[in-house]
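2 protein chains.
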Amino acid sequence: MKKTWTNCWLEYPLIQDQPDVTITVASEWDGVIINRAYHELKRGLESLYHCQVTQAVVTTADIRFLKDPGLSAEGYTINAKKDSCTISAGDEKGILYGSFALLRQLQIAQCPLHELTWQETKVPSNPLRLMIHWDNLPGDIERGYAGDSLFFKNNHILVNERSIDYARLAASAGFNGLVINNSNVAGAAIELISDRFYAPLSRLQEIFHQYGLKLFIAVDFTMPMLMGDLETADPTDPDVQSWWQRKAKEVWENLPGLGGFMVKADSEGRPGPYAYGKNHADGANMLADAVAPYGGLILWRCFVYDCQQDWRDTVTDRAKAGYDHYMPLDGCFRDNVVLEIKNGPMDFQVREPVSPLIGGLAKTQMLLEVQITQEYTGQQRHVCYLLPWFRQILDQDMCCWEGPSKVSDLIQGKRCGKPLGGISAIANTGNDPNWTGHDLAAANFYGIGRLAFDISLSPETIAREWIRLTYGDQPKVEEVLFDILMNSWPVYEKYNAPLGIGWMCNPGFHYGPNPNGYEYSRWGTYHRADHQALGIDRTTAGTGYTAQYAPNLQKLYEDVETCPEEMILFFHRLPYSYMLKTGKNILQHIYDTHFEGAEQAAQFLSRIEGLAGLLPDDVYARMHERFTLQKENAEEWRDVVNTFFYRMTGIPDEHGRTIYP
Amino acid sequence: MKKTWTNCWLEYPLIQDQPDVTITVASEWDGVIINRAYHELKRGLESLYHCQVTQAVVTTADIRFLKDPGLSAEGYTINAKKDSCTISAGDEKGILYGSFALLRQLQIAQCPLHELTWQETKVPSNPLRLMIHWDNLPGDIERGYAGDSLFFKNNHILVNERSIDYARLAASAGFNGLVINNSNVAGAAIELISDRFYAPLSRLQEIFHQYGLKLFIAVDFTMPMLMGDLETADPTDPDVQSWWQRKAKEVWENLPGLGGFMVKADSEGRPGPYAYGKNHADGANMLADAVAPYGGLILWRCFVYDCQQDWRDTVTDRAKAGYDHYMPLDGCFRDNVVLEIKNGPMDFQVREPVSPLIGGLAKTQMLLEVQITQEYTGQQRHVCYLLPWFRQILDQDMCCWEGPSKVSDLIQGKRCGKPLGGISAIANTGNDPNWTGHDLAAANFYGIGRLAFDISLSPETIAREWIRLTYGDQPKVEEVLFDILMNSWPVYEKYNAPLGIGWMCNPGFHYGPNPNGYEYSRWGTYHRADHQALGIDRTTAGTGYTAQYAPNLQKLYEDVETCPEEMILFFHRLPYSYMLKTGKNILQHIYDTHFEGAEQAAQFLSRIEGLAGLLPDDVYARMHERFTLQKENAEEWRDVVNTFFYRMTGIPDEHGRTIYP
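Chains as they are written, first to last, in our numbering: chain A, 92 to 752; chain B, 92 to 752.
Careful, some of the hints might be misleading.
Unchecked claim - Chain A regions said to be covered by chain B (calculated; three or more residues, Cβ under 8 Å):
hint, segment
1, 568-581
2, 600-613
3, 737-746
Stated by the list, open to error - Far from chain B by the CB rule (all over 10 Å, computed), these chain A residues:
hint, residue
4, Glu131
5, Thr177
6, Gly181
7, Ala192
8, Val214
9, Arg234
10, Lys244
11, Arg403
12, Cys423
13, Lys454
14, Tyr562
15, His715
16, Val731
17, Thr734
18, Pro752
Think of the hints as simulated: they come from the structure by calculation, not from any bench.
Keep in mind it's a predicted model, so treat the numbers as computed, not measured.
Think of the CB as a built atom: it goes at the ideal place given N, C-alpha and C, for glycine as much as any other residue.
Work the whole structure out from these sequences, hints included.
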């Protein structure tokens with residue numbers, strides 16, 4: 092079969108032609124993951140140098156895999172001293188990560204192996220580093236913008252060359268697990284935990300295992316009913332409990348080493364414990380008890396809110412829902428339950444404050460949920476490198492206790508003192524030849540994996556790494572792509588909804604401008620723009636949302652003078668005439684940012700056109716098509732949003748630029 | 092099989108118990124349609140009187156079918172003189188229509204047959220009286236709100252008891268033909284004109300034929316390509332022409348008596364002659380020549396416009412498209428081509444002016460296309476009796492020549508002097524037990540058939556007939572339902588988009604309020620409401636649409652003083668402060684009508700509740716559910732539309748009623 096897809100950042104472009112060199116690799120100990128590490132090194136080095144890579148005995152090898160029981164799980168130490176290089180680890184996964192790290196460093200340094208002098212010790216910042224797939228068994232992907240599922244087709248499981256390459260990409264970025272199916276409609280995937288799928292799923296699991304990836308399955312809370320056995324899913328019902336115990340036993344017998352289950356309950360129409368007057372700790376703990384004997388985890392999604400809201404109701408505030416639902420349960424969850432919490436209180440808008448639940452929970456381990464599939468951020472037709480945004484989220488100090496209380500600290504369990512926690516990303520991959528639709532969207536796949544592994548990394552470092560690994564040592568390519576990546580999120584934000592207000596998109600598919608798109612809907616997502624003012628008062632004088640934050644943060648957001656202006660309309664209702672610190676009023680800010688955003692999107696296209704001939708033809712053609720579309724769409728956003736506010740206010744642009752009447 | 096569906100207006104509720112009476116029926120001549128007429132009389136009379144109905148010889152019969160060659164096609168004369176009743180006709184269909192007319196009259200008079208003294212001669216006003224089904228082969232119905240298709244299921248044709256009952260309903264209302272499949276996606280139905288479907292289609296056709304219904308099939312203009320034979324569909328290509336000639340021969344050999352083909356070409360993404368630089372006369376005539384040897388017709392839909400419009404373009408006006416496309420071709424069509432023209436220039440909004448094309452075409456026969464499936468008028472969840480609207484349309488004088496120039500005259504061919512023309516209705520039927528979802532929506536099915544047959548009928552007459560036939564002689568039921576039916580269209584209009592502006596609905600599914608729903612879209616459907624004004628200037632100073640009307644009408648619409656106010660925002664852009672003849676300005680008119688509309692919708696519910704016990708339980712339950720929903724939805728419309736304009740203007744209701752901020 093001809094390979095038609097790209098290797099992304101595992102392309103390994105030639106550094107130096109060394110056909111006469113033979114590099115030997117040896118390992119102190121053995122195992123399937125170590126075996127993969129060797130093959131990854133062989134593949135990478137042979138591509139980077141056109142050299143030979145063979146196995147040797149430990150004492151004579153150029154690269155030696157050493158066992159170091161002192162290193163924490165998944166950690167590694169690399170010691171490269173020109174003529175010798177060792178990768179030490181406490182477990183096999185450490186060797187694999189070390190091998191990928193060595194290959195990465197060689198490309199950064201752009202030197203032969205025997206010229207590298209480098210020492211690095213890394214232990215992953217987060218024990219859980221997950222890709223969350225919203226793949227459906229028929230093969231489509233909810234909010235997928237890069238083709239159909241890599242894992243499912245026509246209600247069958249795919250096990251093929253791409254399964255392996257997916258695992259290579261995920262592991263090399265630093266991921267250590269994945270949820271394979273769509274938790275939003277997990278009830279449609281009952282067969283995943285049935286005899287029909289155990290065999291192919293086990294084959295897929297074996298591939299993942301070789302790359303250190305734990306498989307998780309999203310299940311529906313009502314599986315005991317859906318699978319035809321029981322009339323209830325009440326978590327306190329002994330029949331339900333024993334159903335899950337039997338099912339867990341069966342699942343782990345067939346899929347030993349399975350990571351656990353993900354559950355979305357009582358959310359957006361999915362059933363859950365509330366149907367039985369029980370709370371989410373009852374529900375999660377019941378499942379946790381069932382999977383505990385096998386080392387299984389329960390990843391419990393906290394995306395619970397009233398999705399039948401009435402826009403005329405100005406008291407209910409969807410932003411408050413997560414905190415309201417889960418704070419009363421803090422400390423009530425089993426040790427093998429992890430609460431999965433979206434970064435913001437709404438739903439992956441281009442800008443939101445950090446969910447107050449993250450600062451609220453003191454005794455509960457958390458998995459941060461971010462979204463790299465670009466549902467609200469351009470659907471992989473627009474470039475939107477999200478790592479600067481994720482960096483801001485992780486650096487947000489929640490000011491919630493005397494200890495370290497940045498989001499990055501809290502998800503690592505520094506407050507609750509529990510060992511699990513981490514980062515999960517709603518995946519942006521599919522069977523498109525380049526994996527992610529937009530070639531530059533692969534930087535988000537790579538980037539969030541890297542950040543989850545090493546939470547200290549900057550978005551700049553990650554961007555440069557990714558460009559170098561993907562397109563080789565080409566200064567002009569690096570300069571242009573780095574600039575575009577680093578500016579892409581701010582530019583996208585400029586031509587979207589202003590100042591943290593969100594939701595000015597088409598309902599349902601979430602693409603394209605529609606200023607009133609969610610205004611009269613049932614989703615609790617309103618800006619309430621009228622001819623004088625816009626925004627939601629979420630202070631204690633308004634919906635009271637700010638009170639969900641610790642005092643310092645509450646104070647910051649509560650006061651319109653100190654509230655970060657990029658989110659000011661999320662927290663405050665303000666007149667168009669309100670003067671921002673830039674010296675512009677809100678209306679002019681809207682006009683200016685929309686003109687600027689569209690202008691900058693046009694510049695992206697020009698800059699990409701400057702890379703013609705420097706990028707592979709297919710990559711250039713795809714990028715050119717998408718940047719052209721982005722330019723046109725940005726103009727559409729600019730004009731629709733500007734016209735919306737112009738029609739509302741009758742106030743023209745101060746600089747006389749065209750706003751359509 | 093237990094019958095679970097209703098008979099609608101063929102229920103024949105008891106008039107008088109006459110178990111000892113035997114009514115005899117005899118016919119001077121024979122045929123399958125006459126045989127049906129006898130069985131319909133037998134079924135109806137036995138139900139109305141619990142009497143016996145048998146066949147007799149002509150001289151002794153109570154009811155005699157006589158042949159009268161002097162009567163025009165499909166016409167009948169009934170002469171009921173207590174002891175004898177004759178139904179005379181020039182053809183079999185006349186006998187069938189006369190039989191249904193007799194049964195109808197007996198129910199209106201509420202007397203035994205032998206007490207009826209009545210004389211009536213009727214010849215159908217329109218030669219074409221068609222139900223247009225947008226049924227898809229998988230079984231769904233585009234814009235269907237009454238269940239799945241009666242004709243298709245899982246890509247098979249259904250021939251069953253409901254096929255017969257559909258034919259009975261359609262014939263008794265006065266229809267004489269139907270298009271069975273969805274012309275909007277006719278390319279998906281290529282199998283209808285292939286060996287796979289001829290046999291079952293022929294069985295269905297036979298049922299229709301017995302009730303005087305001609306079967307029409309919607310075809311795609313590119314069938315020669317879709318069916319795999321040719322690389323072009325160019326109507327001037329000899330291969331294309333002979334393909335269609337061969338196909339027509341094959342079709343009529345298998346389906347003799349077929350009415351013809353319907354075509355939607357160059358419309359909403361469907362391909363057509365324009366792709367080959369040819370015009371629509373080229374396209375229609377080529378097909379017309381192919382089907383002419385078999386007496387086939389081509390029904391050519393005129394719904395052609397640019398559906399990739401840019402909202403920023405204020406010059407292009409979708410309303411002008413039909414006239415612009417077809418006027419240059421007036422007189423160029425074959426005699427067996429009929430142009431099918433929507434009543435308005437846009438698309439079945441709750442209020443539109445009559446399409447200027449209808450007044451424009453002088454030499455071309457036309458089929459008026461109206462929509463009884465309630466796409467934009469409440470989707471059979473709201474009651475909306477459309478006959479008052481259709482009456483207005485038919486009565487509109489187009490002032491386009493010295494002869495009779497009402498729409499009803501023009502579609503009858505009084506101007507072009509050609510024999511074909513008539514009325515077609517996009518059907519509102521489906522496999523719901525009551526056929527039309529909302530029980531009261533059956534009045535539209537019945538009503539448009541009756542109106543097409545007898546174009547002089549008033550909506551009031553039709554409503555009373557339908558109520559009486561459906562629910563029997565119950566004065567209270569008649570009073571309430573008549574009032575609701577007659578007020579339903581005005582009420583629906585009140586809480587919808589104001590003053591002819593249209594399109595304030597959710598895109599795609601066209602249900603529910605969304606004032607900006609189509610505002611920035613590609614569909615050419617804008618109101619351009621801002622903080623001061625709204626509406627489109629379609630005068631000669633604006634888009635020039637008014638110039639498509641004859642001088643008198645143009646003058647009427649052009650002048651804001653004479654323009655009918657219910658359509659004033661369709662023709663003029665006006666400030667909210669513009670004073671209507673009611674003494675209200677436009678903004679207050681919007682507020683008032685929306686408050687009134689919701690209030691009246693609530694009254695509908697109360698009035699229906701007064702019929703508890705008088706309607707069959709299932710009918711009452713269905714109605715109650717729908718009127719409850721209508722009440723709630725009308726409040727939603729009221730609040731969303733009022734809030735939209737309040738936010739835009741900041742001007743409160745003069746009467747201080749609640750408008751949500």
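How the hints compare with the structure:
1. Only when three residues or more bring their CB closer than 8 Å to a CB of chain B does the claim for the segment 568-581 of chain A stand; here the count is 0, and the claim is violated.
2. Counting residues of the segment 600-613 of chain A whose C-beta sits closer than 8 Å to any C-beta of chain B gives 5, which meets the bar of three, so the coverage hint holds.
3. Counting residues of the segment 737-746 of chain A whose CB falls under 8 Å from any CB of chain B gives 5; the rule of at least 3 is met.
4. Non-interface status of Glu131/A relative to chain B is upheld: no Cβ of that chain comes within 10 Å, the nearest being about 48 Å off.
5. The non-interface label for Thr177/A is consistent with chain B: the shortest C-beta to C-beta separation is roughly 62 Å, beyond 10 Å.
6. With 10 Å as the threshold on Cβ separation, the claim that Gly181/A sits away from chain B holds: the shortest Cβ distance comes to roughly 56 Å.
7. Ala192/A, annotated as away from the interface, keeps every beta carbon of chain B farther than 10 Å; the closest lies near 49 Å.
8. In this structure Val214/A is separated from chain B by more than 10 Å, as the shortest Cβ-Cβ distance comes to about 51 Å.
9. Non-interface status of Arg234/A relative to chain B is upheld: no Cβ of that chain comes within 10 Å, the nearest being about 19 Å off.
10. Every CB of chain B lies more than 10 Å from the CB of Lys244/A, the least distance being 22 Å, so the non-interface label holds.
11. The non-interface label for Arg403/A is inconsistent with chain B: the shortest C-beta to C-beta separation is roughly 5 Å, within 10 Å.
12. Chain B leaves Cys423/A outside its interface by the beta-carbon criterion, the shortest separation being 39 Å against a cut-off of 10 Å.
13. Under the 10 Å C-beta cut-off, the non-interface status given to Lys454/A relative to chain B holds; the minimum distance is some 41 Å.
14. Residue-level check passed: Tyr562/A sits 36 Å from the nearest beta carbon of chain B, beyond 10 Å.
15. Every CB of chain B lies more than 10 Å from the CB of His715/A, the least distance being 22 Å, so the non-interface label holds.
16. Remark: the non-interface label on Val731/A conflicts with the geometry, its nearest Cβ contact in chain B lying 5 Å away (cut-off 10 Å).
17. Residue-level check failed: Thr734/A sits 8 Å from the nearest beta carbon of chain B, not beyond 10 Å.
18. Against chain B, the non-interface label of Pro752/A is violated: not every CB pair exceeds 10 Å, the least being about 7 Å.
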